[in-house]
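Peer 1: Please model the entire structure based on the sequences and the hints provided.
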Amino acid sequence: MALYLSKSGKFLPHFITKMSSLGMINLSSLGSCLSQNPPLLTEDGRTSYAAPGNDPTHFVCRRFGSVKADKLASISTNADSQLLNFPGGVVKFTPELKFLSDAPEERIHCYRVLDESGHLLTSDFVEIDKDIAVRMYKEMVMLQTVDTIFYEAQRQGRISFYVTAMGEEAINIASAAALSMDDFVFPQYREAGVLLWRGFGLQDLANQCFGNIGDNCKGRQMPAHYGSKKHNYFTVASTVATQIPHAVGAAYSLKMEGRDACTITYFGDGGTSTGDFHAAMNFAAVLEAPVILFCRNNGWAISTPVSDQFRSDGIVVRGQAYGIRGIRVDGNDALAVFSAVHTARKMAISESRPVLIEALTYRAGHHSTSDDSSKYRPIEEIEWWRAAQDPVGRFRKWLEMQGWWSCESDTELRGWARQEVLNAIQVAEKAEKPGLREIFTDVYDVPPSNLRDQEKSLRQTVQRHQRDYPHFQF
Amino acid sequence: MAATILHGVGATTALSSINYNNSRRSLPERKRTSLVIQCDGSLSSGLNISNNRGAKLSTNAVATKQENVTASTTSKPGHELLLFEALREGLEEEMERDPHVCVMGEDVGHYGGSYKVTKGLADKYGDLRVLDTPIAENSFTGMGIGAAMTGLRPIVEGMNMGFLLLAFNQISNNCGMLHYTSGGQFKIPIVIRGPGGVGRQLGAEHSQRLESYFQSIPGIQMVACSTPYNAKGLMKAAIRSDNPVILFEHVLLYNLKERIPDEEYVLSLEEAEMVRPGKHVTVLTYSRMRYHVMQAAKTLVNKGYDPEVIDIRSLKPFDLHTIGNSVKKTHHVLIVEECMRTGGIGASLTASINEHFHDYLDAPIVCLSSQDVPTPYAGALEEWTVVQPAQIVAAVEQLCQ
Chain C
1 MALYLSKSGK FLPHFITKMS SLGMINLSSL GSCLSQNPPL LTEDGRTSYA
51 APGNDPTHFV CRRFGSVKAD KLASISTNAD SQLLNFPGGV VKFTPELKFL
101 SDAPEERIHC YRVLDESGHL LTSDFVEIDK DIAVRMYKEM VMLQTVDTIF
151 YEAQRQGRIS FYVTAMGEEA INIASAAALS MDDFVFPQYR EAGVLLWRGF
201 GLQDLANQCF GNIGDNCKGR QMPAHYGSKK HNYFTVASTV ATQIPHAVGA
251 AYSLKMEGRD ACTITYFGDG GTSTGDFHAA MNFAAVLEAP VILFCRNNGW
301 AISTPVSDQF RSDGIVVRGQ AYGIRGIRVD GNDALAVFSA VHTARKMAIS
351 ESRPVLIEAL TYRAGHHSTS DDSSKYRPIE EIEWWRAAQD PVGRFRKWLE
401 MQGWWSCESD TELRGWARQE VLNAIQVAEK AEKPGLREIF TDVYDVPPSN
451 LRDQEKSLRQ TVQRHQRDYP HFQF
Chain L
475 MAATILHGVG ATTALSSINY NNSRRSLPER KRTSLVIQCD GSLSSGLNIS
525 NNRGAKLSTN AVATKQENVT ASTTSKPGHE LLLFEALREG LEEEMERDPH
575 VCVMGEDVGH YGGSYKVTKG LADKYGDLRV LDTPIAENSF TGMGIGAAMT
625 GLRPIVEGMN MGFLLLAFNQ ISNNCGMLHY TSGGQFKIPI VIRGPGGVGR
675 QLGAEHSQRL ESYFQSIPGI QMVACSTPYN AKGLMKAAIR SDNPVILFEH
725 VLLYNLKERI PDEEYVLSLE EAEMVRPGKH VTVLTYSRMR YHVMQAAKTL
775 VNKGYDPEVI DIRSLKPFDL HTIGNSVKKT HHVLIVEECM RTGGIGASLT
825 ASINEHFHDY LDAPIVCLSS QDVPTPYAGA LEEWTVVQPA QIVAAVEQLC
875 Q
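Taken in order, these protein sequences are the chains called C and L.
No gaps in the numbering here: position 112 of the first sequence is 112 in our numbering, and each next residue is one more.
Here our numbering runs 474 ahead of the position in the second sequence, where the first position is 1.
Just so you know, these hints were derived from the structure itself, not from any lab.
Just so you know, these numbers come straight off a predicted model, no measurement behind them.
The beta carbon of each residue, even a glycine, is placed where N, CA and C say it ideally should be.
Just so you know, nobody snuck in bad clues.
List of simulated lysine-lysine pairs, DSSO-like, C-alpha gap at most 27 Å:
| no. | chain 1 | residue 1 | chain 2 | residue 2 |
| --- | --- | --- | --- | --- |
| 1 | C | Lys229 | C | Lys346 |
| 2 | L | Lys598 | C | Lys255 |
| 3 | C | Lys230 | L | Lys661 |
| 4 | C | Lys433 | L | Lys661 |
| 5 | L | Lys593 | C | Lys255 |
Quick partial rundown of chain L residues pointing at chain C, CB under 8 Å, derived from the structure:
| no. | residue |
| --- | --- |
| 6 | Leu602 |
| 7 | Ala610 |
| 8 | Asn612 |
| 9 | Ser613 |
| 10 | Gly620 |
| 11 | Ala621 |
| 12 | Asn643 |
| 13 | Asn648 |
| 14 | Gly658 |
| 15 | Gln659 |
Peer 2: As structure tokens, then:
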């Protein structure tokens with residue numbers, strides 16, 4: 001973007017020239033600018049200028065919301081000279097040549113409610129009643145079961161690909177439980193649990209993974225790339241972090257409509273390196289959009305550990321850099337995640353602001369079925385996290401202490417869950433695949449002539465060479 | 475092919491002036507007459523050997539659009555405006571009509587847009603509905619997609635089309651795909667628009683022809699406007715469409731003046747525009763090259779040729795119906811574009827016409843494009859990278875031999 005400064009120099013007092021060197025003033029029209037609308041200092045110290053004439057070749061000052069008159073003289077005649085109202089706000093001066101440290105003295109503390117044995121560490125959490133708690137546990141177990149069996153199915157060659165959420169069951173279920181069905185979810189790909197919580201059935205999951213006619217995505221996406229408009233869960237795209245600006249845009253539409261809902265978007269530690277993350281964070285802050293930005297910091301982006309991904313103290317510190325409130329939580333603690341999301345949601349909606357949540361956790365499984373993480377990290381490490389920090393086990397211990405769950409219930413639940421998942425897979429496996437027609441529908445609202453021609457041509461080819469297309473469905 | 479002698483008398487056109495920035499020349503002011511040109515462009519002359527229809531004498535090198543003339547002379551007089559104002563008018567009418575329509579882009583709010591297409595809209599509709607974005611094309615295009623998926627109808631403005639290269643990921647992988655990959659559950663009624671094409675010494679980075687790069691993306695539609703009339707009509711159609719539409723404007727055409735109807739009208743996104751019916755050669759073009767072609771047409775008419783000029787307008791998909799009918803009539807095709815030779819709209823159009831209408835062609839299709847070079851800054855060099863009327867005249871003469 002080019003900056004065109006007017007050349008019709010109307011030279012005004014010294015402070016104007018000083019300001020113009022900051023690129024904020026159009027010299028030629030400042031005269032008219034000052035006479036009609038003097039440069040103003042807003043209440044919070046931001047400088048604002050009314051837009052002068054409509055000459056597109058001049059760089060025009062931006063005008064923000066409210067415009068309150070204040071003392072112009074304070075810019076140049078401040079006897080104190082200890083502060084200056086720069087563009088962007090008042091800043092105090094310091095005589096010390098001192099750089100900000102690259103890291104805080106201590107890492108930002110991590111909010112935790114339950115310890116590994118399921119004991120409560122604090123009373124500062126959002127209470128949940130027995131029904132919700134038990135349901136949460138059941139869904140966490142179901143998610144674990146789904147992940148285990150679908151992973152096995154891929155290994156057996158029954159589906160081509162799968163992504164598990166091992167180790168992140170608390171993040172999935174607890175965050176989903178803290179939201180309302182009206183909130184829009186923009187997932188990355190490790191959030192199938194959120195969809196399960198919202199009522200997406202096992203059969204629907206299986207249908208999508210097998211890409212059969214029951215798949216509501218009509219066989220168009222890879223397994224685990226779920227999407228359901230009914231459940232306000234936006235279709236997973238393989239591209240990293242592209243969902244973050246989508247979420248901000250959706251929050252913008254909620255804000256326009258003044259609805260009592262927010263959006264939430266999930267992304268990993270790797271996703272925070274992308275340009276989309278940066279710009280979406282920035283934009284959410286500027287726009288004051290009601291969006292919860294949930295980072296699942298599980299330590300690994302395929303084989304890249306976080307130490308190679310960024311050098312900041314995780315993700316939570318970045319919130320302040322953008323002007324966004326943030327919190328770091330123990331991602332393996334269902335109660336902590338629930339409390340954080342519940343509170344963040346209230347903030348996002350009532351104050352119309354974005355909130356950043358960094359959930360520290362560990363990716364207990366491989367990146368996907370195309371990955372073998374034992375190649376780049378020690379098996380002992382994986383095993384330790386799976387056992388000692390298992391979010392499902394921890395929550396169960398707490399439930400048992402409440403008297404809301406028992407060993408027998410657990411065995412029964414797991415047996416039932418396994419059977420349900422196996423059934424769903426068997427049904428999905430046998431179902432028909434979508435027909436040829438579905439290659440060409442939904443590219444546009446109505447297939448245009450070129451697509452209609454291409455479909456006709458493909459049908460003719462298949463019909464002519466039926467032997468070469470034995471599995472073909474019409 | 476016999477030459478037909480025509481008398482070019484005070485050509486009628488809907489355009490009254492073309493102002494380029496720092497223009498070294500401008501086309502002469504043209505007066506409106508009340509002659510109506512038939513769409514079949516019938517010609518007559520005693521020297522016409524091949525065609526003896528003995529119909530009306532074609533007195534104009536440039537045909538007026540049938541509807542335009544009817545609208546202007548028989549019903550209301552219409553109103554005159556510049557192309558960027560026509561775009562704004564279309565935009566404003568749609569924003570008035572549907573509260574879900576919103577605009578986002580850099581400097582579109584209080585500044586009114588770098589080409590003033592959104593001037594005044596922020597004052598009228600507020601700075602949330604006409605939203606200024608930070609400099610992050612990929613992200614605000616992504617924002618637009620997210621907003622579109624949740625019920626809004628955003629219009630994303632790229633300050634220059636070239637900047638949308640930064641948004642390619644979102645446009646290709648999400649905008650074009652999400653309707654399909656979601657099984658039709660989420661639609662993306664977004665309009666992505668902005669000025670592109672070669673301007674006046676704006677340098678290579680600001681002279682991109684993005685239609686070349688975007689044309690392959692499945693799921694999107696592309697249209698290019700060239701007159702105030704079709705600019706407004708296409709803008710409205712794009713906003714109303716449930717598909718993602720990319721609307722290409724041209725940096726040098728924003729100050730074109732034309733009289734357009736007062737009544738509301740919406741054009742079809744998939745139709746080409748018959749600019750000048752003829753019978754010797756089908757000249758296919760779009761955007762700014764339309765004017766170079768029409769200038770060449772004036773010369774050609776004086777030399778006795780009768781070119782049929784079609785502004786294809788719809789870049790994806792092509793209006794093969796209109797184009798096909800023309801090819802069947804003239805049997806010669808010349809494509810004039812601003813894209814580069816490799817991989818441009820002309821390349822695709824050539825392939826498409828060859829595929830569908832090969833039997834009707836008496837000669838290979840000729841395509842005049844810019845060279846495969848970044849656009850140089852120096853004025854003369856820049857001029858030589860853009861197809862000029864003289865080249866078009868020469869090409870037609872050669873084609874019609």
